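The primary structure of each chain is shown beneath.
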Amino acid sequence: MALMLVKFDLKKRVKLAQTVWFMYWFAVMAGVLVFSMGLFFKIELRKRSELMDNNESHFLPNLLILMGLIACGINAFGGKVCYDSLDPVKFAKWKPMLKNFLVFCVGFNALLFVTALLCFLMRIPLQFTLAEGLRNGMRFYKDTDTPGRCYMKRTLDQMQMDFRCCGNDNYRDWFEIQWVSNRYLDFSAKEVKDRIGSNVDGQYLMDGVPFSCCNPSSPRPCIQIQMTNNTAHYSYDHYTEELNVWSRGCSEALLSYYGGMLNTIGALVLLVTLLEIGVTIGLQYVDSSLSTLANPDDPESESEGWILEKTVKETFTDIMAKMKAMGKGSKVEEGGEAVATVS
Amino acid sequence: MRLLKMKFTQQRQVRLAQGLWLLSWLAVMCGIFVFFLGLYLKAELLRRAEVMDNSEIHVVPNILMMVGLASIGTNWVASRVCQDSLDMSRFPRWKAFLLAWFVVATLLCFLLLTVVVLSYALQGSLEESLKVGLRNGIRFYKDTDVPGRCFQKETIDHLQMEFRCCGNNNFRDWFEVQWVSNRYLDFTSKDIKDRIRSNVDGRYLLDGVPFSCCNPASPRPCLQYRLTDNSAHHSYDYQSEELNLYNRGCRKALIDYYMGLMNSTGPGVLSVILIQMSVVLSLRYLQTAVEGSLALEDPEGDSEGYILEKGLKETFEDLKVKVLTFLKFGQVDPSTAQDSPEASDPEKASDNTTGKAASTTPAS
Chain X
1 MALMLVKFDL KKRVKLAQTV WFMYWFAVMA GVLVFSMGLF FKIELRKRSE LMDNNESHFL
61 PNLLILMGLI ACGINAFGGK VCYDSLDPVK FAKWKPMLKN FLVFCVGFNA LLFVTALLCF
121 LMRIPLQFTL AEGLRNGMRF YKDTDTPGRC YMKRTLDQMQ MDFRCCGNDN YRDWFEIQWV
181 SNRYLDFSAK EVKDRIGSNV DGQYLMDGVP FSCCNPSSPR PCIQIQMTNN TAHYSYDHYT
241 EELNVWSRGC SEALLSYYGG MLNTIGALVL LVTLLEIGVT IGLQYVDSSL STLANPDDPE
301 SESEGWILEK TVKETFTDIM AKMKAMGKGS KVEEGGEAVA TVS
Chain S
1 MRLLKMKFTQ QRQVRLAQGL WLLSWLAVMC GIFVFFLGLY LKAELLRRAE VMDNSEIHVV
61 PNILMMVGLA SIGTNWVASR VCQDSLDMSR FPRWKAFLLA WFVVATLLCF LLLTVVVLSY
121 ALQGSLEESL KVGLRNGIRF YKDTDVPGRC FQKETIDHLQ MEFRCCGNNN FRDWFEVQWV
181 SNRYLDFTSK DIKDRIRSNV DGRYLLDGVP FSCCNPASPR PCLQYRLTDN SAHHSYDYQS
241 EELNLYNRGC RKALIDYYMG LMNSTGPGVL SVILIQMSVV LSLRYLQTAV EGSLALEDPE
301 GDSEGYILEK GLKETFEDLK VKVLTFLKFG QVDPSTAQDS PEASDPEKAS DNTTGKAAST
361 TPAS
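If you read the sequences in order, they're chains X and S.
Residue 156 in full-length UniProt numbering sits at position 156 of the first sequence, with consecutive numbering throughout.
Residue 361 in full-length UniProt numbering sits at position 361 of the second sequence, with consecutive numbering throughout.
Misleading hints may appear alongside valid ones.
[Claimed, not checked] Just some of the chain S residues that point at chain X, by a computed CB distance under 8 Å:
no.	residue
1	SER181
2	ARG183
3	CYS214
4	SER235
Read the hints as simulated data drawn from the structure, not as lab findings.
Predicted, not measured: the structure shown is a model, and the values here were computed from it.
By construction, the Cβ of each residue, glycine as well, lies at the ideal position given by its N, Cα and C atoms.
Hey, can you work out the whole structure from these sequences and the hints?
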């Protein structure tokens, strides 16, 4: 008893072939979409790779690019097969490889589904990479004279302004590192000597943040230095002050930015997977309807189409038996026994 | 002597009609492009409307949008005329409209040309508008508690950060304005009292700038306050420091931005003008060729297409006479009313390039 049996006459077959051909062209465009999304994500990761310590994983965008290319290829091929299915002569040359092609398509669809799941899961490793990268980046903020790190200040400032964030988790991260270069510190001044003497590493720590943390929506001019000292500024209470600097941390801001991008890509890849499953089923119907013609010489005769020739259970046992037979056949035979027999 | 006449066989006529149909659809796309260009320009101008004093410059995107819409309609009509030109029974109904169509299409080309000219001519007006708008923005920077002006600070800060500029002409504009609100000044402090007393208006002026003037590309953390005091900061020279703040004034930055925008659209608009003119000329040829073959006894035979039936000078003279007669008709004058119909008849019979006369030609 076949799975989802449908009866076909010539008109229905032609309509089926046309619909599936049309769907294949949509699927080609969907493949292009997946490819371009992979490319876009790769470029976005590259743009901010400095903030991720240059060791972010490009596995997912590379996978998306590969899947997009393969999808374009097999959908174009499938479309050609559908187009030729209306002509029995042309279809005869595709017939032998169609079974293997369909199995390959099923495998590809499973892989596409796994890719979509990966898109949603990639958020987690990204979170760790971002936290680590930002922490290191902030330490190199002052090194504008060290080759290889001289642009870290500009990158961090630009990022804090673009993403409206400050520090790693919040603005207090800037209090724990020295972000003013030694070149601009007057070591003969008492205040500087006090600050350097106040901690073990001899770092110039201050309760201040760079200008890029400032929030333009604040009604008062930005307070960057002596932030924890209420008496240093008129009518200022650093516990209740909310609008002065950005309150969000940059790792949270970047994560939500990339997370949103990944969610969108994951949702789109899921939709593409559904489309691919649809065209695979369509092609299976085209193939089965053309191989069960009641009268092989008469193209106008009736036929049947199905998804699986037998029920799911029977097909599964068939596949298991085939695999067992193949396994037995590959063993070194003694006495000519154990010839692979297909049940 | 006809101007620029060409022979048209039936096949050539059909080819011309098909080619023109495609060209007119291309012109429709161009019309859509011009409309969206105008829309984009207007959106960009409106985004910064808070730092502009007047809206004279808005005439450029307004004209672009109008012309875009009008050219979509005009070129769609042209494509319909092309389709009907292949069918002899349907073409005559367009004869009355074609003169008006030519006038409208030429007017559109002329308007597009004016837009290109205006976008250069109005630069001075834009500069003036920005000068006043930015001056006001800087003056009202501190008024974050005054309704109607409370967003000036945020606007100016965002503007300076986005366009990488500071002040109106340069950063010293901030030295002349009180940009710290009185709410955040401790009037009991000596320093503040000194500063307020140091000028006539009693304003708190300082040699400092807001944080949005800071240049991220500077190797040292941003110096915002006591900019003219070299001893206030270690290893600092006010005269030679270049990277600390943005050097550009916001007026120049905005003008460069808008002029760049309009210059980059210049070639696009010029090519749209070219396409529109070629549609006009091709339609003229098609009209005269089809009318010529309609007039012939053999509809499949050859006919001539031309741009003007008589030479340029003669057509001009004809037009002048016609306009004068039209004006005479407008006057209430019983004596000329009898003379003018006779005077205008011979002209009407000889001039079959106008739509008014076109309806009489099939009869003759």
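Here is what the structure says about each hint:
For S:SER181, the interface hint holds, the least distance from its beta-carbon to any beta-carbon of chain X being 7 Å, beneath 8 Å. Interface restraint check for S:ARG183: the shortest CB-CB distance to chain X comes to about 7 Å, inside 8 Å, so the restraint holds. With its C-beta approaching chain X no nearer than about 4 Å, S:CYS214 sits inside the 8 Å limit, and its interface hint holds. The interface hint given for S:SER235 is met, as the beta carbon of that residue sits about 6 Å from the closest beta carbon of chain X, less than 8 Å.
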